[in-house]
Amino acid sequence: MKKGDNIKDKYNLIKIGIIGLVAGLCNGMFGSGGGIIVVPAMTYLLDVKEHDAHATAISVILPLSLVSVFVYFKSNHFDWNMVWKVGIGGVIGAGIGAWLLPQIPVKILSKIFAGFMIIAGLRMIF
Amino acid sequence: MILFFIGLVSGIVSGMGMGGGTILIPALIFFASTPQHLAQSINLSVFFPTAIIALCIHTKNKHVRYKLAFKIIIVGVIGAFIGSRIAVSMSTHTLRKFFGVFILAMGIYELFKKPKNKKQ
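So the protein lines, in turn, are chains A and B.
Using my numbering, you'd call the opening residue of the first sequence number 1 and step up by one each time.
Using my numbering, you'd call the opening residue of the second sequence number 1 and step up by one each time.
Same shape as in the complex, but just chain A:
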């Protein structure tokens, strides 16, 4: 019993390491997407409840983004003037989004956004 637990713990630690590494790499390289990776990874690989996974993902992505912004900043890929303009809109928008959430068909909407992402992706590749 104890031995089995130990093996499971070790196995979980490996999963946790892989999740962290992949999320960090993608979040740093693409400047986004850490959450899209961490949330399903935690729910499917570590059996974390979806709501907890969302909440925990934010606490994970914050320090990772901090490291990445620092690297971008050092390489002069940073513009305060744009950050605050987009940022104010972002904060207000997030409030509206959270408020709208209970009253919208999330499933349909997420498929529409998936469509946007596919179109944008194709346009960027070709």
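If you're looking for bench data, these hints aren't it; they were derived computationally from the structure.
Glycine included, every Cβ here is placed at the ideal spot set by N, Cα and C.
Below, simulated DMTMM-like cross-link-like pairs (lysine to aspartate or glutamate); rule was C-alpha separation at most 25 Å, straight line: (1) 114(B) - 52(A); (2) 15(A) - 47(A); (3) 67(B) - 9(A); (4) 67(B) - 5(A); (5) 49(A) - 5(A).
Residues from chain A that face chain B, not an exhaustive set, calculated with beta carbons under 8 Å: (6) 16; (7) 20; (8) 22; (9) 23; (10) 24; (11) 25; (12) 54; (13) 60; (14) 64; (15) 77; (16) 90; (17) 93; (18) 94; (19) 111; (20) 120.
Since the structure of chain A is provided, determine the placement of chain B on it from the hints.
Relative to the frame of chain A, chain B by itself:
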């Protein structure tokens, strides 16, 4: 004004928990002619204020599993450093193509994923 509006729309999307960054970066590139690297650094930066507010609320409601988070973060920061070093070493053109492949894959995943259990 266009920047505020782009922020607003992507903020609404991320407030709904659907990954605003994957909308914000292409929007900045297509509608505000922002270079790829800058768009990515803007997305990383604007995440902070909203994330801190959300984190406070989630912490109060005891949804954040900090012990697990801490373990992921230890390895994650190494990945974050390597990933961003790779990004800044690439040309705008190359990074844009890689980013395109990335959001294409994420879009396809989002399109076909089934919610595990919609209940919180």
